[in-house]
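Read left to right, the sequence shown gives residues 429 to 502 (the working numbering).
I should point out that these hints are in silico values taken from the structure, not numbers from a laboratory.
Beta carbons are placed, not taken as given, at the ideal position from N, Cα and C, and that holds for glycine.
All the given hints hold, so there is nothing to weed out.
Label pairs and their in silico Cβ distance ranges:
(1) Trp442 / Asp489: 37 to 45 Å
(2) Ala447 / Asp475: 22 to 30 Å
(3) Ala433 / Asn476: 22 to 30 Å
(4) Ser464 / Met429: 17 to 25 Å
(5) Ala447 / Asn476: 21 to 29 Å
(6) Ser453 / Ile474: 27 to 35 Å
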Amino acid sequence: MRFLADIPDSDVEWLDALAAGQGVSRAELVRRAVASYRADASGDAIDNAFGIWRDRADIGDGLKYQRRLRGKRE
429 MRFLADIPDS
439 DVEWLDALAA
449 GQGVSRAELV
459 RRAVASYRAD
469 ASGDAIDNAF
479 GIWRDRADIG
489 DGLKYQRRLR
499 GKRE
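Construct all of the structure, not just a fragment, from the sequences and the given hints.
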């Protein structure tokens, strides 16, 4: 489905530069933005992010990792 939207010129220029940098079309960026916004608005973003770091071998114990990042003693 197609639709018409008024977007400020500065935002269109920014979208075009971003699209060129990512090698995708402006329309693809807008589709991705809508999908991301929809996931955030529906709460799906939290569900999608759950366990995202589970395969990271460099973190180990989560509390120790947090303390190390914050410069606190374990």
